[in-house]
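**Student:** Sequence order for the protein chains is A and B.
Here the first sequence stands for residues 987 to 1238, where the numbers follow the working numbering.
Here the second sequence stands for residues 9 to 81, where the numbers follow the working numbering.
Everything labelled a hint here was simulated from the structure, so no lab data went into it.
A few of these clues could be false.
Claimed, not checked - Here are the simulated lysine-lysine pairs, BS3-like style, with alpha carbons at most 27 Å apart: (1) A:K1157 to A:K995; (2) A:K1113 to A:K1157; (3) B:K46 to A:K1094; (4) A:K1085 to B:K46; (5) B:K46 to B:K59; (6) B:K46 to A:K1193; (7) A:K1011 to A:K995; (8) B:K70 to B:K60; (9) B:K59 to B:K70; (10) A:K1193 to A:K1085; (11) B:K46 to B:K60; (12) B:K70 to A:K1193; (13) A:K1162 to A:K1113; (14) A:K1085 to B:K70; (15) A:K1060 to A:K1011; (16) A:K1011 to A:K988; (17) A:K1157 to A:K1060; (18) B:K60 to A:K1094; (19) A:K1162 to A:K988; (20) B:K60 to A:K1193; (21) B:K59 to A:K1085; (22) B:K60 to A:K1088; (23) A:K995 to A:K1162; (24) B:K60 to A:K1085; (25) A:K1060 to A:K1113; (26) A:K1113 to A:K995; (27) A:K1162 to A:K1060; (28) A:K1060 to A:K995; (29) A:K1088 to B:K59; (30) A:K1094 to A:K1060; (31) A:K1094 to B:K59; (32) B:K70 to B:K46; (33) A:K1088 to B:K46.
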Amino acid sequence: MKGIEFIGKRFVVSGAGGIGAETAKLLNSLGASIILLDINEENLNNTLLSLEGTNNRAYICDFSNVDGIEQVVKLIATENGAVDGFVHCVGVGSVRPLKMSKYDFMLKVMNINFFSFVEIVRCLSIKGRYNSNGMNIVGVSALGAYLGNSTKTAYCASKGAMNAAIRCLAKELAPKNIRVNAVAPGVTDTPMARVAEDYGADSDEHKMILARQYMGVCQPLDIANTIAFLMSDMSRMITGSCVAVDGGKLSS
Amino acid sequence: MTQEEKIVLLEDMLELDGGSLTPEMELASIDEYDSMAKLSLIVLMDEECGKKLTGEQIREFKTVADVLNFMGE
Ligand SMILES: NC(=O)c1ccc[n+]([C@@H]2O[C@H](COP(=O)([O-])OP(=O)(O)OC[C@H]3O[C@@H](n4cnc5c(N)ncnc54)[C@H](O)[C@@H]3O)[C@@H](O)[C@H]2O)c1
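Bound conformation, chain A alone (with noise of 0.2 Å):
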């Protein structure tokens, strides 16, 4: 079998943070060309710097706000033309006792973790938007949409709600040849795991997360190479999965 290659293609990637970064770089170095979107500008111009070719963009974007996306996925249709997948890397990982979690708290991170998501898809899967022969969609989902974990409710709830949209979405845009698959990461090396270690690494919870990760902690490239797979013609028969890369701790 041939190896994956996107010679000629174009991904908007959300997110160029660690995991974002990564996934822009891989897909980017097999050929395609990148839009990315972030609210973050330092980490569009780095992510933009490392990239090869002439053909890639960064957009400012404010996932909080998701009635603003819309117009930011038209403009990036106006300006580059129809998409060939779109991989969703934005996120926050918000640590947070219940008592403080108030209603304004969760919906902010529902807002940028999953409603966001659905608004671009929506957005992008509509006539014109996309190649008329069709396109793949990555969802980075976490681990812990599967697990207990104290002090994460919203986020969890955010992870737990894009793994039951994704199975929607992939049959209800399957007639439009629009594959959506999720990542599930374990822990893995990025600013957000380190932050949240900085606040908890001394916790019992903390240390018992990592126990059970009995692979050792994952590196953005381990995350990335599976959002090539599934953006790839390698996993044309692959919708409405969500693919754990957890370095085993799901089964621990």
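Following the hints, put chain B with the ligand in place on chain A, whose structure we already have.
**Tutor:** Coordinates of chain B with the ligand only, in the frame set by chain A:
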């Protein structure tokens, strides 16, 4: 915020009766000040005082007064 108001915020956060906390108290002697409470403290500092609190700073707190001072005016 007055010293009294700050103490009430901390007592509420720790689910302690009013009047339980005094500035001299060692944090290590307060059972309710556990890892969950430290996470709540990060949120409280952010939302009530507009201060970013890091794990390192939390580890440096020894007494209730240290926390009150960090909360600012
Ligand atoms: N690192 C881990 O251990 C881990 C584990 C499981 C799942 N994940 C998931 O992987 C995804 C990527 O995480 P990461 O580890 O690369 O984190 P990261 O913090 O390095 O990157 C997240 C990116 O999202 C951007 N972002 C945050 N809020 C935004 C907003 N309102 N609008 C637009 N952009 C915004 C940030 O600027 C950043 O570039 C997230 O969805 C996260 O939940 C991470």
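**Student:** Compare the structure with each hint and give your call.
**Tutor:** Cross-check of the supplied hints:
no., hint, result
1, A:K1157 to A:K995, "24 Å, holds"
2, A:K1113 to A:K1157, "17 Å, holds"
3, B:K46 to A:K1094, "22 Å, holds"
4, A:K1085 to B:K46, "12 Å, holds"
5, B:K46 to B:K59, "14 Å, holds"
6, B:K46 to A:K1193, "16 Å, holds"
7, A:K1011 to A:K995, "14 Å, holds"
8, B:K70 to B:K60, "18 Å, holds"
9, B:K59 to B:K70, "18 Å, holds"
10, A:K1193 to A:K1085, "23 Å, holds"
11, B:K46 to B:K60, "13 Å, holds"
12, B:K70 to A:K1193, "24 Å, holds"
13, A:K1162 to A:K1113, "9 Å, holds"
14, A:K1085 to B:K70, "24 Å, holds"
15, A:K1060 to A:K1011, "24 Å, holds"
16, A:K1011 to A:K988, "21 Å, holds"
17, A:K1157 to A:K1060, "25 Å, holds"
18, B:K60 to A:K1094, "19 Å, holds"
19, A:K1162 to A:K988, "25 Å, holds"
20, B:K60 to A:K1193, "24 Å, holds"
21, B:K59 to A:K1085, "19 Å, holds"
22, B:K60 to A:K1088, "19 Å, holds"
23, A:K995 to A:K1162, "18 Å, holds"
24, B:K60 to A:K1085, "19 Å, holds"
25, A:K1060 to A:K1113, "12 Å, holds"
26, A:K1113 to A:K995, "17 Å, holds"
27, A:K1162 to A:K1060, "19 Å, holds"
28, A:K1060 to A:K995, "19 Å, holds"
29, A:K1088 to B:K59, "19 Å, holds"
30, A:K1094 to A:K1060, "24 Å, holds"
31, A:K1094 to B:K59, "20 Å, holds"
32, B:K70 to B:K46, "13 Å, holds"
33, A:K1088 to B:K46, "18 Å, holds"
Checked against the numbered hints above, the structure violates none of them.
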